[in-house]
Amino acid sequence: MSTRLASGGRLTNRSKQIEFSFDGKRLTGFEGDTLASALLANDQMMLGRSFKYHRPRGLVASGSEEPNALVNLGKGDTHEPNQRATTTELFSGLEATSQNHWPNLDMDIGAVNGLFSRFLTAGFYYKMFIHPRPFWKHIYEPFIRQSAGLGKAPKAEARDPDTYEHFYAYVDVLVIGGGVAGLQAAKAAGEAGAKVLLVEQTAHWGGRAVVDGGTIDGMEAEEWVKTTLEALGKMDNVQVRSRTMGAGVYDHGYILCYERVRDHAPLAGGPRHRMWKVRAKQTVTATGAIERPLSFAGNDIPGVMLASAVRDYVVNYGVSVGDRTVVVTNNDDAYRTAIALKKAGMDVPVIVDARQMGGGALMDEAKALGIRVETGRGIAKVKGGKRVTGVTICNQQGEGAMIEEIACDCVAMSGGWSPVVHLWSHCGGKLNWDDAQAMFRPDHDRAPTSHDGKPFVTVAGSANGYLGLKDVLEDADTAGKSVSGSSAMTDAPKAENAEEKPLEPVWLMPQGASYDLRMKAWLDYQNDVKVSDVQLAAREGYESVEHTKRYTTLGMATDQGKLSNINGLATLSNALNEAIPQVGTTTFRPPYTPFSMGAIAGEARGDIFQPIRKTPMHQWHMDNGAEFEPVGHWRRPYCFPKAGESKHDAVMREVRATRDSLGLLDASTLGKIIVKGSDAGKFLDMLYTNMMSTLKPGKCRYGLMCNENGFLSDDGVVARIDEDTFLCHTTTGGADRIHAHMEEWLQTEWWDWKVYTANVTEQYAQVAVVGPNARKVLEKLGGMDVSKEAIAFMEWKDGTLGGYNARVYRISFSGELSYEIAVPANQGRDFWDALLEAGAEFNVTPYGTEALHIMRAEKGFIMIGDETDGTIIPQDLGLHWAISKKKEDYLGKRAQERLHMADPNRWQLVGLETLDGSVLPDGAYAVGEGYNANKQRNTQGRVTSTYYSPTLNKGIAMGIVHNGPNRMGEDIPFMAVDGETIIRAKIVNPVFFDPEGAKQNV
Amino acid sequence: MKRYSAFAIAREALKGHTGWERAWRNAQPKKRYDVIIVGAGGHGLATAYYLGKNFGITNVAVIEKGWLGGGNTGRNTTIIRSNYLQDPSAAIYEKARSLYETMSQDLNFNVMFSPRGVLMLAQTEHEVRGYQRTAHANALQGVTTEFVSPERVKEIVPIINIDGPRYPVLGGLWQARAGTARHDAVAWGYARACSDMGMDIIQKCEVTGVTRENGKVTGVETTKGHIGCDKLGIVVAGHSGQVAELAGFRLPIEAVPLQALVSEPIKPCMDCVVMANTVHGYMSQSDKGEMVIGGGTDGYNGFTQRGSFHHVEETVRALVETFPMISRLKMLRQWGGIVDMTGDRSPILSKTPVEGVFINCGWGTGGFKAIPGSGWGFAELMATGHSPLTADFGLNRFREGRFIDESVAAGVAH
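Line by line, the protein sequences are chains A and B.
FYI, in my numbering the residues of the first sequence are 1 to 1002.
FYI, in my numbering the residues of the second sequence are 1 to 414.
These are calculated hints, taken from the structure and not from any lab test.
Keep in mind it's a predicted model, so treat the numbers as computed, not measured.
Ideal placement from N, C-alpha and C gives every residue a C-beta, glycine not left out.
Where hints are given, some of them may not hold.
[What the hints assert, rightly or not] Sample of chain B residues at the chain A side, in silico, Cβ under 7 angstroms:
#1 A27
#2 Q141
#3 E155
#4 I159
#5 V320
#6 G385
[Unchecked claim] Not close to chain A: a few residues of chain B, all C-beta gaps over 10 angstroms, as computed:
#7 M1
#8 L99
#9 G130
#10 L140
#11 I156
#12 Q242
#13 R250
#14 A383
In isolation and in its complexed conformation, chain A is listed as follows (with noise of 0.2 angstroms):
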């Protein structure tokens, strides 16, 4: 069994118990514990059940590398599926449940897969439930979601309550990963003076070297470290960060880091997580190794486990995996916890060493510590169930059959290192494959390049493929002083390199297993995926080294093949009979290890997800009872309902108002942009279909903007209001992107021109003020001239209104005397309670967006949105009135000559009203005769908005129709939106109301 031994534990309090729970079972701890080390401690080896077999998993790791151990965290709002216990620090009050089972994880239904397995192989699924045809989506496939899945999905309705958040940080040399050789490389180039930034993704420092020990500048490891963090923390340019990971490398420089700042301490306050964005001129990842299991049958049984995890196990907590440990390798390292056990008075039956001549001096060691060594043998499979109960000793070089059984509840197997190379090929660095210690190195020739060429990736230690402490010191310095451009002629803390035999591969365990041995060698064990099943998915011409994973589902577990990748491919290549390289590696794709969706999203939830952009009086409309919507990242009254009012009656309301007397509009997010230089006409004679230059200083122009394809993108007013300056009005969702539009032909095509632009939409407030009462409320307010002789139709005057700066706009957008009135900003609110406070006697009624779009469709004005949608050219809407014929070149003229948009057969601008004089359907097509080639409904036209107008009493329609405006008169069919009622529309013509301009000329 797994127990806590009486003493060690180098992490752990052993004064402090902590309580936590696992199925509903309580059970202690001690401070220091990580999920993993707790369970262990309390002989819970079985921690779930795999993904395709359900079959029983427990720990196989002590790091981020687990593929087992996952579990259910917490509950509620903060459950959280997939949890590595081998990551989690243990604190006071955890709730832990396993994963993938039901009814429980001793009994599980699905373990039945198990059973099967023979007939699951990988890819069985592309191979049956073809028949019959819907049985897929109503029984094979639900039945194979309820079985896959790992962790339980959150609640529909759970709310994260715990907040996360974004750091920037800009540094010259970030070191990722802080065991001896990250914290070497940060101390060198800290100490060239570089501005560093250090991150390690567990809590404490020092890495594997702690644990295997050995001697750095005459110090302990441990103390070495101790001492080396003593002194970054007095280096002001230097920066540390525990529990914080490496996660991706991006393009030129760009870092994500994710720091899990609570997940130990739920309790405390401020965010659970942060990601970091950091921009680093260099980053040195020293990112260490990460043991490889062995290839034989049974390998997936709980309590067979890397050598390295059991080591750190009973010196970093002080726990036993087991009572009896066989040790199985092909490498020395792994002697290294058999000593360890053994000096912690544990039982080693037997060191299994695949290597005929076995190791060096740590097997001297071994073997003086009264350990039998087994050299030239392997296991040729593990016994148990849920639990390891012994192994059968074999030759390495034969087919399996048995020497001997030893009885054992736990398996220590290495078979060698490999390098933590993802960070170095995120962005496209290279791999060598290093034949004599098996294993992926970066090429330091074909580096992760940034904008300038140069490489701005540095690998170091272990992750370089160092394996000795001497070789890891030295290249770490080497590292933290080139990334630094350091000259200092130090010498790298000096070590030894333990005295090792090589390694010889073993990718399968005994070399010639049968079958039935090859189906049971687990490579990825949270996906069942064996031996067998590569050597399948070659045989079935699967043969690129995607093909095999994607096939199999090798490395697409959640550890995305820390473990079973390196295996997998050598598999595969054995099968193939290629050499390793030959085969390569699958993509190195961030994150390192998974991410919080949270932490991602940071601090923009909720009501800031987007910031609402909100005008000077937003909060008068939130006090009067606005019903908004959005449009763009504004929210615009819809209308003002008052109680007891539907949003319908609330419109028709403000529209017969405005009509009658005095309509206000806050008309503030409407675009405002500057444009301003010597050149600013000849620019705007470009950008817009009309003549610009022309405009006089104090006049406006009603415009219309094309894109390169010659389709109306945006349309607005435009003032001149000096030689040099105009102000170009845009639609209010239109702001940002036409003057990003202007902004890339001045600084792409035009770049000589002399203009500037600024976005000045957020300067100014703006009301329109409507109806027959217009002018008499403005003269109410008292101040410039509004008469008909003093701001004509079409004109512009800066003055002042009741004391308030204001400049005047007359202009309408819905056929009635307006005035559009822009004053500064934080007059905007203030402006529009005196021109409520004046109005009151007109019955001054406060209108949106809803009453804007009925009135101007009322007057047949087109709406950007509406009538138009990518597709439609300013000649489609009847306005070529405002395409000058003058200019030799505008955006989109040479488009619009193009034989189809000069077909004068288009579909174009029509008024529409029912026979019956209900509303039409927004959307909806007028059918043409017959089909197309493709079976589908011909069709001669479309609705483009649809109202009900209060003015008319009836239903109005603009729409665009295949040849109309020489068909008005004509009824035509349109068709509902279930395809089988007709409603037949008359085309007349879209100037519904006043089309004489009566009312808004006075």
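Since chain A is already given, all that's left is putting chain B on it; use the hints.
Quick look at chain B alone, frame taken from chain A:
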């Protein structure tokens, strides 16, 4: 070809699965073929398949620079829908969708087409009107869609937050027979069927030139030597412009990175695809349990099959807002692919200035869903010179201004 079935699996299980044959032959190029397709992605393989199946043309090679299905076919988010606005788009996507329904049986390869429904959220008044229009258009195009209420949205997707503070859900366009499929399986299934018809699928073979005589194609130069042909189909999304240049013509195409990501797998919690175009993100759940997430394209042109993280950030932020329960899930993996963008965001399936050379490209961000329809129509175009499915997608439309612009209906076009 040995057929796949539960029975075949049982038989093989008893003999250690030693009897499975290769899904597709490992072919080496012959001297010449009637037709060469460049690009063994979904579209290229589907084209070859329908050339054989519908027109009896089987002396065909499909040439692939890397591994088959390794481009956008193996990188997309597997969404299949046909609720497009414009007639030509609706026609080809609906043809594709209907072919997906029977693809597993047709190919004897389970591509796991899952008609679980696609829901496009309307979160502004403008979107409501846009989708109402699409529903009207679809009714005339033979595409079954429906504009549904916010309450119905919540019923279809219980994990959605329909009354978020920023963009409450005002309704949605629901296509119940849309869904997802297993993307790799589509490529593998077609490859197996093509190989079975005697076609050669030649991987790790890069085209380095297009040989012509008197304005007519005669073959291709490749890293495995010259291969002759009468007709050449270029189906190489992401590098269309480069291969077209080898044939001596230019395309109105830009190459842009498009990114996607998945969460760690969880138990089933979402039974349809949801697209939220106002906030720019979409999500579904794979059979494996991962939440599959995508957004818009990056803002710059490029060929690295990765993108900038701020785009991922924007997408995830949008989806955490739309589906708050994913906040504590974790992103497992992000990746990118290179998509062809045309001026009107619609594909090009066309003859070219070079006689015998045909081009199929420009699917932008939404090519996967079109694979069978694209292959069907493009095969017809290559075999007969005309297809009603592809007629409107010719190269000449850019010269004539005959755009098929879907931008109105799709801020995020998947």
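Notebook entry, point to check: Hey, does the V320 of chain B contact hint survive, CB to chain A under 7 angstroms?
Noted result: holds, 4 angstroms
Next item on the list: Against chain A, run the beta carbon of G385 of chain B and see if the smallest gap drops under 7 angstroms.
Entry: violated, 15 angstroms
Next item on the list: Verify that the Cβ of M1 of chain B lies farther than 10 angstroms from every Cβ atom of chain A, and report whether the claim holds or is violated.
Entry: The claim holds: M1 of chain B sits with its nearest Cβ about 12 angstroms from chain A, beyond 10 angstroms.
Next item on the list: Against chain A, run the beta carbon of E155 of chain B and see if the smallest gap drops under 7 angstroms.
Entry: violated, 12 angstroms
Note to self: Verify this label for me: L99 of chain B is non-interface relative to chain A, using a Cβ-Cβ cutoff of 10 angstroms.
What the structure shows: Holds, because the least Cβ-Cβ distance between L99 of chain B and chain A comes to about 13 angstroms, which exceeds 10 angstroms.
Next item on the list: Could you check that no beta carbon of chain A comes within 10 angstroms of the beta carbon of R250 of chain B?
Entry: Per Cβ check, R250 of chain B is outside 10 angstroms of chain A; nearest 17 angstroms; holds.
Next item on the list: Mind verifying the non-interface call on Q242 of chain B? Its CB should be farther than 10 angstroms from each CB in chain A.
Entry: About 20 angstroms separates Q242 of chain B from the closest Cβ of chain A, which puts it past 10 angstroms; holds.
Notebook entry, point to check: Was L140 of chain B rightly flagged as not at the interface, with every chain A Cβ beyond 10 angstroms?
Noted result: Violated, since 4 angstroms does not exceed 10 angstroms.
Item checked: Closest CB of chain A to the CB of A383 of chain B still more than 10 angstroms away -> Holds: least Cβ distance 17 angstroms, greater than 10 angstroms.
Checklist line | When the least beta-carbon distance from A27 of chain B to chain A is tested against 7 angstroms, hint result | finding: It is violated, given that the least Cβ distance between A27 of chain B and chain A is near 11 angstroms, above 7 angstroms.
Checklist line | Closest CB of chain A to the CB of G130 of chain B still more than 10 angstroms away | finding: About 8 angstroms separates G130 of chain B from the closest Cβ of chain A, which leaves it inside 10 angstroms; violated.
Note to self: Just to be careful: measuring from the Cβ of I159 of chain B to every Cβ in chain A, is the smallest value less than 7 angstroms?
What the structure shows: Holds, about 5 angstroms.
Taken one by one, the earlier hints fail for this structure at numbers 1, 3, 6, 9 and 10, listed in ascending order.
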